[in-house]
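Participant: Residue strings, one per chain:
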Amino acid sequence: MFKKVLIANRGEIAVRILRACRELGLQTVAVFSEADRQALHVRYADEAYLLGPAPARESYLRMDRLLDIARRCEADAIHPGYGFLAEREDFALACEAAGITFIGPRPSAIAAMGDKMAARNTVSRAGIPVVPGTEGEGDLSDEALIAIAPKIGFPLLIKATSGGGGKGMRIVESQEDLPGLLHAARREAEAAFGDGKVYLEKVIHAARHIEFQILADAEGNVIHLGERECSLQRRHQKLLEESPSPFIGANEELRQRMGEVACRAAASVNYLNAGTIEFLVDHDRNFFFLEMNTRLQVEHPVTEMATGIDIVKEQIRIARGRRLRYTQAEVRFNGWAIECRINAEDPYNNFMPSVGVLSNVLMPTGPGVRVDTCAYPGMEVTPYYDSLLSKLITWGESRAEAILRMRRALEEYRLIGVKNNIPFHQALLDSHRFMAGSFDTRFVEDRFSIDDTQDGREVHPEVAAILATLVAHHQTQLSAQLVQRGQRDTSNWKWIGRWERMQR
Amino acid sequence: MFKKVLIANRGEIAVRILRACRELGLQTVAVFSEADRQALHVRYADEAYLLGPAPARESYLRMDRLLDIARRCEADAIHPGYGFLAEREDFALACEAAGITFIGPRPSAIAAMGDKMAARNTVSRAGIPVVPGTEGEGDLSDEALIAIAPKIGFPLLIKATSGGGGKGMRIVESQEDLPGLLHAARREAEAAFGDGKVYLEKVIHAARHIEFQILADAEGNVIHLGERECSLQRRHQKLLEESPSPFIGANEELRQRMGEVACRAAASVNYLNAGTIEFLVDHDRNFFFLEMNTRLQVEHPVTEMATGIDIVKEQIRIARGRRLRYTQAEVRFNGWAIECRINAEDPYNNFMPSVGVLSNVLMPTGPGVRVDTCAYPGMEVTPYYDSLLSKLITWGESRAEAILRMRRALEEYRLIGVKNNIPFHQALLDSHRFMAGSFDTRFVEDRFSIDDTQDGREVHPEVAAILATLVAHHQTQLSAQLVQRGQRDTSNWKWIGRWERMQR
Amino acid sequence: MNYITTVGERTYTIEINDENHVTLDGGVLEVDWHPLPGQPVYSVLIDGQSYEAYVLPTEGGYQVQMRGLLYEVRVEDERELRLRAAMELDLPASSEYPLRAPMPGLVAAVPVNEGQTVDKGTVLIVLESMKMQNELKAPRAGRVAHIRVRAGQTVEQNQTLLIVE
Amino acid sequence: MNYITTVGERTYTIEINDENHVTLDGGVLEVDWHPLPGQPVYSVLIDGQSYEAYVLPTEGGYQVQMRGLLYEVRVEDERELRLRAAMELDLPASSEYPLRAPMPGLVAAVPVNEGQTVDKGTVLIVLESMKMQNELKAPRAGRVAHIRVRAGQTVEQNQTLLIVE
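Just so you know, the protein sequences line up as chains A, B, C and D, in that order. The working numbering applies: residue 1 is where the first sequence begins, and numbers increase by one. The working numbering applies: residue 505 is where the second sequence begins, and numbers increase by one. The working numbering applies: residue 1009 is where the third sequence begins, and numbers increase by one. The working numbering applies: residue 1174 is where the fourth sequence begins, and numbers increase by one.
Here chain A stands alone, though its shape is the one from the complex (with noise of 0.2 Å):
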């Protein structure tokens, strides 16, 4: 049984990887970029090295300086985390060459789902409902797929075989618009994932994004945890999750039956560990599978919030050989929980994402509240990897309280330094629609904007006016004193500016 593990990740996932490790009793080693010398994950970590220059394909990415540091310092096991290395069948084959357990489903499991078409293939032949599209038709042209497109109907999606997290996706309205949209979505798939590759889904109509966690076992026992409701995206980004779903409820039989499935698609491909099947849902209720994540996914904390399971050092037992702790009958759904995903993005200005220096940070905390972040004061947000800073979990009996706790709790977070998207959050909360729970993939980018949701809540802009002129008549002050302070001695000038600014 290991003892070591490395953590090929950073961020917020990689402090929660390690928090998992250090209850459970491992030793940690941490792996960084040179922008991520004093990241947290390095801090908190028993051993921690260098893996190169900060563009991710010149460290994270490198899988022999990984393996390369992983047998120098006789670490036994590694996590991959979500993104990065942790989907690539190579990756996990070499760990195991190496003799190093990678905590993670087996390398055979990776590729069959890591390839969207082989994918549903795999899941149509046991059985499960698949969205119609060009699966399993292999690597069609350009020509080919504007040929099948009117058979699949419009709008459609343009999405890339290796695909993951919205990239290189792109919706089709009408055929005209395909073959332009096709030359972007490869572009851009092919710059993401080194690989073009692109194949055609029908849209849904009013769809939900709806997926189950699934935790497999080495003797093949397959439990789900329940589902979590993922619909609301921007740019098929995830910004807001919650388990239960809404839609699905009190509707026991339905979450019964998509668990089912599930864990059938699981099992399909003989997997193990902790794994994510998608599901998109139409106004029926009927369900489609979309694909399997065969990772931990970055909205785990609503799930064990709401069962009380923590499904990473769940991961790290699986991968230590051990069974199952609970049988589907023992795992027991408790109140509601949702995340918000704190991005270093400006709501106001498209969500352009914002750099800096996070000169303070005031974090929400009390009872129901979970942060799992990767952000502290004096913390540089660069532009080499993702923008999540954050990710803002509360808890509570209901869906009301949780949502209660929710608005609290963002209004408490301060984050000085950066642009984020909580006042986003906080819109979001505050609109009718999300209140009901009546929302489809659509929702955020269709029907909803930041600058509405100002209509139906409290303002108050003499508060606002009588802060800024505050604010200026300070600063008025405060330069006519350097004025005169500098008339009195000018050979001081420099020093005085530079101190005052520091007194700002």
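None of these hints come from the bench; they were simulated from the model. Errors might be hidden in some of the hints.
Dumping the calculated SDA-like pairs for lysine to any residue here, alpha-carbon to alpha-carbon at most 20 Å [unchecked claim]: (1) B:655 to B:792; (2) B:507 to A:162; (3) A:3 to B:912; (4) C:1139 to A:162; (5) D:1304 to B:655; (6) D:1304 to B:860; (7) D:1304 to B:592; (8) D:1304 to B:560; (9) D:1304 to B:912.
Since the structure of chain A is provided, determine the placement of chains B, C and D on it from the hints.
Facilitator: Structure of chains B, C and D alone, referenced to chain A:
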């Protein structure tokens, strides 16, 4: 039903209560002394009003000003928190007279339980065992107490009749020490409560301090939320609490019996709202009523984590006249919770209080971790109030998991600028007796030393040596540079010095 | 001195009387105003109401972010107001607008050509940063004058990418 | 230059070779040392092992607090070491010790008198602060020289309360 709540308190508990109010959609009013203008409770509230100068008797103990503010801002309820006016019958009566809901018990119950001697008499009559002592004997003179003492037997305890929190409390080992210690106890009680009355109580050997949280509604329903283990104390100040108690553990029969007695004790004074029954439990599992705290308890979060019930919200619901939302059978205990009280005290220097500015705060987060705190970067810790900075609470499926989580959370916690007792908790959690759950109320003072525990732990003196040497070397170099710079332009000396200091 | 402060379409006349009082449109308010140390965050009590807000200077004034809402505020004293009124008469309706990189990144595409006329909202540059392709759009209609970068080029924060006339 | 660094009863000879290397008792170690901004906290990687510690200057050296343990460290270069050795020969065994208030508070009691001889651990002053009565004890045996405060008096942090000879 009330809509606006004035919180007649400060510090972490004011923030805790504000959060509950906000999550219930109630308007909140903070009050503050001149020392607390920038405190979180002021910043988080909807409204905030100045009470007076920093000393509590000129601010947080000023009933007249509190009621005046409540009237002026039309607050229709007051939550007293703990300490200050929380257990003052006259304050509860004054609220009632002003038509303001006091979120707490009826004045009569405060009075009945507030006088420790009367309380012991009341519960005795209800058939509840109490610790032998001079309860119910009235206000005895030193001479009378000295005469009775040998009949109770040594060691015995001097306790203040109006007491709480260990003030005016002394352990007496022998008859000779009694006169001097009576004098000291009366002096301290007089200073703390304006009342020098004391009584004697037998010391129970190897005693555990175990308390039960109860909730009671206006219809007379009384339930308990299980026990809290509070034996880890220093100078009668609790330091670490857990729920459940490892001493009761899986002994459901004992838990049920104690819980029933606790509910009976509350019912004997027609109790309303949240309260706590404290028991002393001896080695043979005999338990004795110690006292009832007629208020929210500092350590209430461990019960919240183990039951999922938000006690402060329940307090507010009960005060609004609602029926209890749970029957005793519906209260479900799940997992284990531990709380460490993080105080501004130097564990390496006899727990001397520490004051100053918290220049930086890094809170532990992640699964199973909760922090209830008033600390923020830039906060000034003043000598006017108690030294509680933060309550760190962890939850685990088992006691072992809760302990391991607490260890990693303590390791992560950074409170820079003020000395604090985190190292004490780290040592305590590493001690074998704590891990085994075998400790009593004398353990911390008699058989635990932060220095002893260094023996069994991994030490790194060479790392400490290297770090200190690097810091010393760096400072020597910095001074040398400063002198050189100063020589170039001595007129800038003052500014350089200031600027350099800020760079450090 | 009076300040004329504009929030959206509303204009307020504000006078700072002393440390604890301001006059807002003729009514005196008690104001207890505290900058929090080292942060552009301010705690203010106005007649007992507690507010906390970010106040960030922008080119034309301040952004005030408070209770989940953003307010764009312009603060001018009477002299500045007269000055601006005079200047606006002299200035042409539009002038050059330099499109700057909002963050460091890689230019993924330049979908416009020099001399091309563009509408408000036309994508001028696609900039890749934080694993996302970010579209930088024209803030108003105009003509693309100088394009200073090409696809594949790495750019610094605030670097001018192109000019819209 | 060599430093002679003492931790408890152990003494190390340490040389700072360059930014990334130190020699500890003859063995070279790779050291990646980072002060965290604005804090007396240091992150250090020593041959890959990650440590984070508070390093606080004290009168005689440094307190290093790391992984829940406190280390008292004295750092001297060779010149200082010789100097101290010479000084210790000259100095009398004891000198005056001023008892200072560790925090602001109220003097609750002064249980000793001027001229009284005290043992190590004798309570000299009872200081009330943060609602607690705190006993300030003699750090070593000696004689109470000057008592500068009386019961009931308010004192500032670091104010000298009395002198032990």
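Participant: Each of the hints needs a verdict: does it hold here or not?
Facilitator: Each hint, compared with the structure:
1. B:655 to B:792: holds (19 Å)
2. B:507 to A:162: Distance ~55 Å between residue 507 of chain B and residue 162 of chain A Cα, so the pair is violated.
3. A:3 to B:912: holds (17 Å)
4. C:1139 to A:162: holds (16 Å)
5. D:1304 to B:655: The hint is violated at about 34 Å.
6. D:1304 to B:860: It holds: about 17 Å lies between the C-alpha atoms, which stays within 20 Å.
7. D:1304 to B:592: holds (18 Å)
8. D:1304 to B:560: holds (10 Å)
9. D:1304 to B:912: The given pair, whose Cα atoms are some 31 Å apart, is violated under the 20 Å limit.
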